[in-house]
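> Listed here are the chains, written in short residue letters.
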Amino acid sequence: MMAAVAARELRNGEVVFVGIGLPNLACNLARATHAPRLVLIYESGAVGAVPERLPVSIGDPALVTGSLMVCGMADVFQCMLQNGRIEVGFLGGAQVDRYGNINTTVIGPYARPKVRLPGSGGATEIAIHARRTLIVAKLGPRAFPERVDFVTSPGLRPQGRLRRELRMPGAGPVKVITDKAILEADEATGEIVLAALYPGVSVPDVQAGVGWALTCRSGLAAVAPPTPQELRLLRDVLDPKRLFLKQ
Amino acid sequence: MMAAVAARELRNGEVVFVGIGLPNLACNLARATHAPRLVLIYESGAVGAVPERLPVSIGDPALVTGSLMVCGMADVFQCMLQNGRIEVGFLGGAQVDRYGNINTTVIGPYARPKVRLPGSGGATEIAIHARRTLIVAKLGPRAFPERVDFVTSPGLRPQGRLRRELRMPGAGPVKVITDKAILEADEATGEIVLAALYPGVSVPDVQAGVGWALTCRSGLAAVAPPTPQELRLLRDVLDPKRLFLKQ
Amino acid sequence: MSDHASKVMPMRDAIARFVHDGDTVVIEGFTHLICFAAGHEIIRQRRRDLTLARLTPDLIYDQMIGAGCARKLVFSWAGNPGVGSLHAFRRAVEAPGTAPLEIEEYSHFGMVARFSAGAARLPFWPLRDYMGTDLPRVNPRIKTVTCPYTGEDLATVPALNPDVTIVHAQRADADGNTQIWGLLGVQREAAFASARVIVVVEELVDEQAIRSDPNRTVIPGMIVDAVVVEPWGAHPSYAQGYYDRDNDFYVAWEDISRSPDRLTRYLDEFVYGVPDRAAYLKKQPHVTRLKAKERVCAGVNYGY
Amino acid sequence: MSDHASKVMPMRDAIARFVHDGDTVVIEGFTHLICFAAGHEIIRQRRRDLTLARLTPDLIYDQMIGAGCARKLVFSWAGNPGVGSLHAFRRAVEAPGTAPLEIEEYSHFGMVARFSAGAARLPFWPLRDYMGTDLPRVNPRIKTVTCPYTGEDLATVPALNPDVTIVHAQRADADGNTQIWGLLGVQREAAFASARVIVVVEELVDEQAIRSDPNRTVIPGMIVDAVVVEPWGAHPSYAQGYYDRDNDFYVAWEDISRSPDRLTRYLDEFVYGVPDRAAYLKKQPHVTRLKAKERVCAGVNYGY
Numbered sequence: 001m002m003a004a005v006a007a008r009e010l011r012n013g014e015v016v017f018v019g020i021g022l023p024n025l026a027c028n029l030a031r032a033t034h035a036p037r038l039v040l041i042y043e044s045g046a047v048g049a050v051p052e053r054l055p056v057s058i059g060d061p062a063l064v065t066g067s068l069m070v071c072g073m074a075d076v077f078q079c080m081l082q083n084g085r086i087e088v089g090f091l092g093g094a095q096v097d098r099y100g101n102i103n104t105t106v107i108g109p110y111a112r113p114k115v116r117l118p119g120s121g122g123a124t125e126i127a128i129h130a131r132r133t134l135i136v137a138k139l140g141p142r143a144f145p146e147r148v149d150f151v152t153s154p155g156l157r158p159q160g161r162l163r164r165e166l167r168m169p170g171a172g173p174v175k176v177i178t179d180k181a182i183l184e185a186d187e188a189t190g191e192i193v194l195a196a197l198y199p200g201v202s203v204p205d206v207q208a209g210v211g212w213a214l215t216c217r218s219g220l221a222a223v224a225p226p227t228p229q230e231l232r233l234l235r236d237v238l239d240p241k242r243l244f245l246k247q
Numbered sequence: 001m002m003a004a005v006a007a008r009e010l011r012n013g014e015v016v017f018v019g020i021g022l023p024n025l026a027c028n029l030a031r032a033t034h035a036p037r038l039v040l041i042y043e044s045g046a047v048g049a050v051p052e053r054l055p056v057s058i059g060d061p062a063l064v065t066g067s068l069m070v071c072g073m074a075d076v077f078q079c080m081l082q083n084g085r086i087e088v089g090f091l092g093g094a095q096v097d098r099y100g101n102i103n104t105t106v107i108g109p110y111a112r113p114k115v116r117l118p119g120s121g122g123a124t125e126i127a128i129h130a131r132r133t134l135i136v137a138k139l140g141p142r143a144f145p146e147r148v149d150f151v152t153s154p155g156l157r158p159q160g161r162l163r164r165e166l167r168m169p170g171a172g173p174v175k176v177i178t179d180k181a182i183l184e185a186d187e188a189t190g191e192i193v194l195a196a197l198y199p200g201v202s203v204p205d206v207q208a209g210v211g212w213a214l215t216c217r218s219g220l221a222a223v224a225p226p227t228p229q230e231l232r233l234l235r236d237v238l239d240p241k242r243l244f245l246k247q
Numbered sequence: 001m002s003d004h005a006s007k008v009m010p011m012r013d014a015i016a017r018f019v020h021d022g023d024t025v026v027i028e029g030f031t032h033l034i035c036f037a038a039g040h041e042i043i044r045q046r047r048r049d050l051t052l053a054r055l056t057p058d059l060i061y062d063q064m065i066g067a068g069c070a071r072k073l074v075f076s077w078a079g080n081p082g083v084g085s086l087h088a089f090r091r092a093v094e095a096p097g098t099a100p101l102e103i104e105e106y107s108h109f110g111m112v113a114r115f116s117a118g119a120a121r122l123p124f125w126p127l128r129d130y131m132g133t134d135l136p137r138v139n140p141r142i143k144t145v146t147c148p149y150t151g152e153d154l155a156t157v158p159a160l161n162p163d164v165t166i167v168h169a170q171r172a173d174a175d176g177n178t179q180i181w182g183l184l185g186v187q188r189e190a191a192f193a194s195a196r197v198i199v200v201v202e203e204l205v206d207e208q209a210i211r212s213d214p215n216r217t218v219i220p221g222m223i224v225d226a227v228v229v230e231p232w233g234a235h236p237s238y239a240q241g242y243y244d245r246d247n248d249f250y251v252a253w254e255d256i257s258r259s260p261d262r263l264t265r266y267l268d269e270f271v272y273g274v275p276d277r278a279a280y281l282k283k284q285p286h287v288t289r290l291k292a293k294e295r296v297c298a299g300v301n302y303g304y
Numbered sequence: 001m002s003d004h005a006s007k008v009m010p011m012r013d014a015i016a017r018f019v020h021d022g023d024t025v026v027i028e029g030f031t032h033l034i035c036f037a038a039g040h041e042i043i044r045q046r047r048r049d050l051t052l053a054r055l056t057p058d059l060i061y062d063q064m065i066g067a068g069c070a071r072k073l074v075f076s077w078a079g080n081p082g083v084g085s086l087h088a089f090r091r092a093v094e095a096p097g098t099a100p101l102e103i104e105e106y107s108h109f110g111m112v113a114r115f116s117a118g119a120a121r122l123p124f125w126p127l128r129d130y131m132g133t134d135l136p137r138v139n140p141r142i143k144t145v146t147c148p149y150t151g152e153d154l155a156t157v158p159a160l161n162p163d164v165t166i167v168h169a170q171r172a173d174a175d176g177n178t179q180i181w182g183l184l185g186v187q188r189e190a191a192f193a194s195a196r197v198i199v200v201v202e203e204l205v206d207e208q209a210i211r212s213d214p215n216r217t218v219i220p221g222m223i224v225d226a227v228v229v230e231p232w233g234a235h236p237s238y239a240q241g242y243y244d245r246d247n248d249f250y251v252a253w254e255d256i257s258r259s260p261d262r263l264t265r266y267l268d269e270f271v272y273g274v275p276d277r278a279a280y281l282k283k284q285p286h287v288t289r290l291k292a293k294e295r296v297c298a299g300v301n302y303g304y
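Residue numbers (my numbering), protein chains in the order written: chain A, 1 to 247; chain B, 1 to 247; chain C, 1 to 304; chain D, 1 to 304.
Quick caveat, the hints were computed from the structure, so don't treat them as lab data. Wrong hints could be hidden among the right ones.
Claimed, not checked - Covered stretches of chain A (chain D as the covering partner; in silico rule of three or more C-beta atoms under 8 Å from a C-beta of chain D): (1) 39-45; (2) 119-132; (3) 151-158; (4) 183-195.
To be verified - Reference excerpt, derived from the structure (chain A facing chain D, CB under 8 Å, subset only): (5) I20; (6) I58; (7) T65; (8) A74; (9) R116; (10) L139; (11) G140; (12) D179; (13) Y198; (14) A213; (15) C216.
Stated by the list, open to error - Below, a list of computed lysine to aspartate or glutamate pairs in the EDC-like style, where the Cα atoms sit at most 16 Å apart: (16) C:K293 to B:E146; (17) A:K114 to D:E94; (18) D:K72 to D:D23; (19) A:K241 to D:D248; (20) B:K241 to C:D248; (21) D:K283 to D:D246.
Backbone N, C-alpha and C fix where the C-beta goes; we use that ideal spot for every residue, glycine too.
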């Protein structure tokens with residue numbers, strides 16, 4: 001469901017900075033349906049990959065073989081991301097807060113962490129430079145606290161300031177795709193707000209997975225369930241071994 | 001003669017930043033005699049070239065075919081030259097002055113030049129970064145004025161200051177190889193001084209080609225004439241069409 | 001991002017659509033792959049007030065200066081490589097007449113750094129250069145920045161972000177995924193720095209040909225606006241694996257460019273006098289002697 | 001510049017000569033071409049107090065941390081790619097015991113920029129990054145510089161110049177002219193940034209093989225100190241065209257690294273318990289299933 005919803009957010013011909021797992025599935029689903037000319041860029045330097053198998057890591061050799069271009073990582077970050085060529089970036093994280101800030105660094109204090117997470121990778125600069133980002137994360141009170149313990153990837157109003165005041169080129173997280181609903185950026189408040197519910201999900205279900213008083217858009221939309229074609233592609237073609245499709 | 005003398009300045013295994021013409025001939029002569037493992041780098045990005053014909057331009061395709069590496073020019077200037085990997089750089093110019101400054105930009109005032117020369121190319125940064133440089137130029141009062149009209153490539157004491165005060169990594173022009181004599185850097189004064197005479201050349205012959213009162217080293221050396229092997233290689237193998245050997 | 005199918009077009013259309021009066025235009029290629037075909041079409045379409053930027057103006061910018069296209073030249077070495085001078089350029093600088101040419105001058109490293117900054121969309125690039133030289137005195141755009149770690153002053157140059165960059169290449173697919181081998185110059189940086197990119201190729205190849213060897217791709221299609229197929233389009237410069245440099249023409253340019261009349265006659269015959277590159281080539285029957293010999297390397301294994 | 005003939009040497013000699021206690025050591029390779037063979041030899045020779053730097057510490061630095069080689073880790077993403085955590089690293093950071101591990105943390109772009117500055121021998125590199133994040137708060141080495149043209153503040157990172165960089169590659173000649181295809185990561189920058197460079201290759205090839213395709217050369221011999229021939233030396237990571245990633249081992253590491261005892265037993269059996277890489281491979285009979293299939297690309301013409 002999350003993969004199908006994420007796929008619908010991508011437009012044909014767009015340049016997408018993509019990670020492994022659900023984002024990769026979503027991109028491949030979009031390519032197999034409405035966006036055949038989506039250009040996938042991996043931080044490892046593979047551009048326009050058409051992997052013949054589901055890549056298990058961001059540097060999988062299947063992303064290289066048959067791709068349009070392989071370049072060094074300096075080019076990826078300078079000439080593509082910082083250059084403003086990336087239209088969509090996918091982000092995920094252990095914590096996403098009220099303002100769309102993401103933490104992939106530490107739970108607890110930095111010097112004495114309760115849980116040491118992997119850190120930024122390329123997420124910090126994707127959050128800053130991609131023209132828009134899509135956050136993909138499952139709801140839960142620990143995953144969606146009011147404030148993240150550490151801002152790895154800045155959201156809509158980092159440190160209480162507008163992105164453009166901080167000279168961030170990209171628009172930031174326009175949508176948060178969860179397992180129960182779609183949250184959206186609210187331009188006026190800089191908060192992420194409830195925009196659309198998955199079939200069978202109620203507002204209290206979503207609120208239960210969020211650590212602050214969630215604002216709801218007036219006139220909540222209903223997210224269409226995956227079509228049979230989407231389900232067939234995901235289950236039979238794109239992830240037959242269910243490496244990333246857990247539901 | 002100049003090519004043979006320049007060749008003798010090169011040591012086996014050194015990395016040389018080389019231009020077209022006499023420097024190229026000198027390097028190839030050195031490779032054919034005492035320095036077979038000289039590594040030639042051209043600013044065009046060819047590394048370790050072994051041209052099958054005498055290159056007519058610095059970007060000749062013969063410098064690419066069979067070379068060890070071809071890289072972009074950003075790599076040449078950043079990762080090789082600025083990185084300090086170039087041991088010897090060859091420089092020439094329309095004017096060379098008392099302190100080894102070179103002018104390849106303009107004769108006369110910059111805004112209203114009498115003669116507009118090509119400009120720096122890579123010479124400015126070669127003069128600054130190569131661990132040592134060799135200047136190759138024919139003597140003449142206009143070619144060796146007391147002060148150049150424009151400092152394109154800084155010499156031993158640019159703007160009256162020591163190179164290390166200006167944080168220049170390289171030692172600058174250690175020798176000036178002319179058609180009549182070898183001049184050398186004098187560490188104490190920062191001047192280029194007469195060090196060795198070619199066969200049949202007198203001190204006044206050299207002074208006549210220099211626009212200031214030339215200091216002579218005590219105990220002038222005599223430059224050995226080209227050996228029969230050097231002459232044979234230059235005339236029959238390296239430049240049979242006499243493209244660059246004019247004498 | 002324009003539609004994929006529409007990127008392939010004739011040179012005439014590419015220049016008409018993407019090169020405008022007053023633009024900053026870059027035709028890059030260091031000795032190798034200099035796109036004379038595009039330069040000639042710009043002359044033919046009588047573009048004016050261009051700022052021409054390039055490390056080595058070479059014969060093509062000398063022709064464009066002689067034809068009156070240029071208002072300004074940004075460069076680092078303005079000579080006829082291996083031969084001598086660019087006389088149209090020298091006339092404009094040594095004896096500025098009715099059409100003065102503004103110049104802005106760097107060293108090669110400075111120009112490379114300007115393109116690198118442009119490609120990275122940074123406003124400047126630091127480099128250790130220019131101390132003890134007269135270049136910053138005549139070019140106030142060369143400045144300095146203080147290192148926040150060591151406190152030392154380093155030189156800086158400002159980013160160069162052309163309106164349009166034209167790159168000649170051995171091959172590309174219809175979307176503009178472009179492969180180059182041999183000397184690479186600063187084409188990649190210039191293309192990424194540019195608002196618009198025209199790629200001119202010796203051969204249009206199937207996307208699969210590009211995908212079979214992705215490490216050779218220098219410019220991705222996503223930054224390319226037009227793909228022009230123009231065999232021999234770099235003559236009299238060269239294309240590794242396709243044809244050698246026409247050194248006789250470089251030598252001949254010394255005399256042609258020395259005389260404004262001869263230069264005009266050259267343009268009349270070989271640029272204005274022909275409708276396109278194909279007609280130019282019909283006037284160059286000798287170029288076949290420049291055809292490259294075979295020196296094909298072995299492929300590598302991309303399997304896993 | 002050491003003598004050419006002497007560069008080719010066994011891994012044992014290369015590590016003994018070029019990796020010293022207290023060094024800053026970089027084994028680069030982004031998922032691709034991670035030189036486990038060199039990491040194991042460093043563990044075997046019981047190097048201590050190393051500063052290990054790498055974008056993605058990956059399993060190899062987790063092993064080196066577990067073995068007690070590291071005093072400090074400089075990194076941008078410390079996970080088991082596609083699997084989960086690096087537990088030796090996590091233990092050292094979450095519950096620092098008798099052997100605390102200092103960490104210095106950037107994003108990928110920051111690490112790439114540090115190597116770029118190192119390769120260019122500049123003291124810093126500017127980038128548009130880190131605004132609105134907590135990274136500069138916990139890493140004071142992330143600073144800012146004011147653009148001399150626009151007046152805006154840009155982030156900076158300091159150069160990273162390792163004492164020794166180890167790069168695994170598909171092939172090199174005896175002088176260390178090294179060719180890589182597939183993912184290139186930051187190996188070129190890391191090598192140029194380093195005081196010493198060890199290249200480890202799947203195949204030692206004749207100089208003529210390198211010269212037949214010079215555009216594939218990523219690292220020139222002039223910056224290389226040692227060439228080690230070690231087929232399968234990147235296992236369990238991979239080498240495009242040679243062997244696939246051993247994903248089963250990456251998955252298995254989750255459990256091995258979770259238990260200090262199991263980690264010790266792993267090192268005892270596969271690192272301390274073998275004299276060299278050949279003996280390690282004898283304990284990995286299943287690796288042949290990872291051998292790459294043939295997907296050889298066509299060559300290109302370097303003729304003129």
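> Does each hint hold? Answer for all of them.
Do the hints match the structure? See the list:
1. 39-45: This one holds; 3 residues, not fewer than the three required, reach chain D with a Cβ under 8 Å.
2. 119-132: With 9 residues in contact (Cβ-Cβ under 8 Å with chain D), the coverage given for the stretch 119-132 of chain A holds.
3. 151-158: Contact hint for the stretch 151-158 of chain A vs chain D: holds, 5 residues under 8 Å.
4. 183-195: Violated - the stretch 183-195 of chain A has 0 residues with a Cβ nearer than 8 Å to chain D, which falls short of three.
5. I20: holds, 6 Å
6. I58: Hint on I58 (chain A): holds, closest Cβ of chain D at ~6 Å, below 8 Å.
7. T65: T65 (chain A) check passes; min Cβ-Cβ to chain D is 6 Å, inside 8 Å.
8. A74: Hint holds; A74 (chain A) Cβ to chain D Cβ min 5 Å, cut 8 Å.
9. R116: holds, 5 Å
10. L139: Where the cut-off is 8 Å and the nearest Cβ of chain D is about 21 Å from L139 (chain A), the hint is violated.
11. G140: With a closest approach of 18 Å, the G140 (chain A) hint is violated.
12. D179: violated, 20 Å
13. Y198: violated, 27 Å
14. A213: This hint is violated: A213 (chain A) lies away from chain D, its Cβ roughly 24 Å from the closest one there, beyond 8 Å.
15. C216: violated, 27 Å
16. C:K293 to B:E146: violated, 50 Å
17. A:K114 to D:E94: Cα-Cα ~6 Å, so holds.
18. D:K72 to D:D23: Holds, because 10 Å separates the two Cα atoms, which is no more than 16 Å.
19. A:K241 to D:D248: holds, 15 Å
20. B:K241 to C:D248: Roughly 15 Å between the alpha carbons, so the hint for K241 (chain B) and D248 (chain C) holds.
21. D:K283 to D:D246: Answer holds: K283 (chain D) to D246 (chain D) is near 14 Å, not above 16 Å.
Checked against the numbered hints above, the structure breaks hints 4, 10, 11, 12, 13, 14, 15 and 16 and satisfies the rest.
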